[in-house]
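Participant: Position chain C against the provided structure of chain S, taking the given hints into account.
Sequence order for the protein chains is S and C. So the first sequence is numbered by our numbering: it starts at 1 and just counts up by one. So the second sequence is numbered by our numbering: it starts at 1001 and just counts up by one.
What you were told as hints is all true, and nothing was included just to trick you.
Derived pair list, reagent style SDA-like, types lysine to any residue, alpha-carbon separation capped at 20 Å:
1. C:LYS1131 <-> S:GLY92
2. S:LYS64 <-> S:HIS80
3. S:LYS64 <-> C:THR1090
4. C:LYS1131 <-> S:THR26
5. S:LYS64 <-> C:PRO1158
6. S:LYS64 <-> C:GLY1051
7. S:LYS72 <-> C:PRO1092
8. S:LYS64 <-> C:GLN1027
9. S:LYS64 <-> C:ALA1156
If you're looking for bench data, these hints aren't it; they were derived computationally from the structure.
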Amino acid sequence: MTIETDQDDLATKRGEVTVIVYAPRTPESQTFTFQRNERVGDAARTAAAAFGYEGGNPSFATEKNVVLDRTKSLEAEHVHDHQSLNLVDVGGGV
Amino acid sequence: MTAVPIAVTRAVLADEASAVAAWVSRQQDWEAAIDLDALQLTARTTHPATGTPLRIEADLDGYPAIPPVWRFLDPATGQPLPYAFPQGGTIPGISGSIFHSNRVICAPWSRLAYAEHGGPHGDWGDLTNWKNAAPAYTKADTIADMLSQIALHLSASPGTHP
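One chain only, chain S, in its complex shape:
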């Protein structure tokens, strides 16, 4: 526990945030570490590619289906360490 806390402190000092991402097409989650100032859209694109998604308009949503603003940073969207996020497509209807 102490080790994990120390690691969290180090990650915070490095400006990083670690999140657990769930994608609909895959039963297992994946863990990602991003820079806190990275844009949501860029981070979601990285996660989407890791899950095998091609194209689309990926973003993250909280467990309560609140979609994060792709143009803002993870920090500005209040993403915190070890938060669970759902990968969603925000392309919208037509």
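Facilitator: Chain C only, in chain S's frame:
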């Protein structure tokens, strides 16, 4: 319509079933099951704004060569029910709802959105191009991705049609 052999569709759906089950397990108010014999998915949930029970079915014949037929049905009888269809809502950061006023899911991954199946889109080309038909809009290439999109847009829907 069968665009691929039934055995291929069954194999793909069997492969996707675990992802569907995992997605459902992460939701608070959803259940869904794929019938591999009937090539059909049945999902049940309640409308998040009104609590109205919803039954959603997908006809999966021809999948994944062509997209499913998505319908909202009477939860009790399983018959088509126009007023069970959700109204479109607004989600910040998303350009528009998939719930079209003509009561079809208006998305490239919805067969009934195509003009050849009575939908509004004659501009998306052949059904088999569904994964690339409208890249700037909603994209969902697997059944679990489609359920996720339905749930996301339901979360902003103010209710069902009167």
